[in-house]
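All chains should be built: construct the whole structure from the sequences, respecting the hints.
Those sequence lines, one after another, are chains Z and L.
Quick note: the first sequence, position 40, residue 40 per the numbering used here, numbers continuous.
Quick note: the second sequence, position 88, residue 88 per the numbering used here, numbers continuous.
Because the hints were derived from the structure by calculation, they are not lab data.
Owing to the predicted nature of the structure, the values given are computational and were not obtained by experimental measurement.
Backbone N, C-alpha and C fix where the C-beta goes; we use that ideal spot for every residue, glycine too.
Watch out, some of these pointers could steer you wrong.
To be verified - Stretch by stretch, here's where chain Z covers chain L in the computed footprint (C-beta under 8 Å, at least three residues):
id, segment
1, 19 to 30
2, 50 to 57
3, 129 to 139
4, 166 to 176
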Amino acid sequence: MDPDRIDLSSLDPSRDARRWEEVVRQVAARGATARRPRRTVPAQLAGWWRPALALVAAVAAAAWLPVLLSPASRVPAAGEVVAVSDPVLSAAAWTVAGQSPGTAQIIASMGATNADR
Amino acid sequence: MPPEPSTGELVLRVRAGDRAAGEALVRRHLRPAYAVALAVLRNPAEAEDVAQESLVHAFERLDDCREPDRFAGWLVRIVRNRSLDAALRIRARGKAVDVAEAAAVGVAGDAERSALRARLLAAMERLPPVPREVVLLHDLEGWTHAEIGAALEISEVNSRQHLFVARRTLRAWLEGASPEEASHGS
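Quick look at the structure:
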């Protein structure tokens, strides 16, 4: 301890330790706030694109769920006979069989496809 | 127990967004900032305000502190400038620093301490700014002459000289002698 030291403790702002600790915390909090970058309005809006994209994806998934789970969309089991309604497949089958489809068959094939849609 | 991080380390951590480091930096430098502000303003309440505002400002501009290890000196310059601005504002308001009033702030019920504060502040009036800063940083904050020299941009020898003169003047005033007597007495 320096014996020549002048006692300046009456000027010490931290004599009231509890008050000083509170002051320190407040200044640190204000400092942290001051360091936070101030973003422009477009930048703030741009910051929302990720959550917005996630929300849209969730809504889309929810909308598709019933379709995906419907019996029409299930995968046929091995060996299961499935009615062919695709006009392309129908045309291919007729070609392979050397068959010449009648008008009614063509309309039925197209119509079934349209009805599916 | 891990060693205390250096001021430079704390500055880098605050820059990286570490809130705990921010609190540690404030805890380490708020009192010295107050001492420098008090040296200019001679009013404890005003000095506390300026010290707090200066630290908040320093945090805001922390990226401008090119040498984190010399944060103390950088902060001292901010505090000095802000204290001088505050002194001008106070003067413009026509409110001269009333030492007795300044001494009474925050010490209600402690007449003896209040009187001592008033005498110390009155004695401080007799000192030029730099010796005032030196004696406050050394005898109130416990800084070494090396730390004071680095922060105030003076040599260690200069710091010792300022402290010697400041102590002699203050002691003479506190003991009732005039500063002229004190300066000629030794």
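With a C-beta cutoff of 8 Å, work out whether three or more residues of the segment 129 to 139 of chain L approach chain Z closely enough for the coverage to hold.
n = 4 at 8 Å, threshold three: holds.
Examine the segment 19 to 30 of chain L: at least three residues should have C-beta closer than 8 Å to a C-beta of chain Z.
Contact hint for the segment 19 to 30 of chain L vs chain Z: holds, 7 residues under 8 Å.
Residue count check for the segment 50 to 57 of chain L against chain Z: does it reach three with CB-CB under 8 Å?
holds (count 4)
Three or more residues of the segment 166 to 176 of chain L near chain Z by CB distance under 8 Å?
Coverage by chain Z holds for the segment 166 to 176 of chain L (4 residues, Cβ < 8 Å).
Checked against the numbered hints above, the structure breaks none of them.
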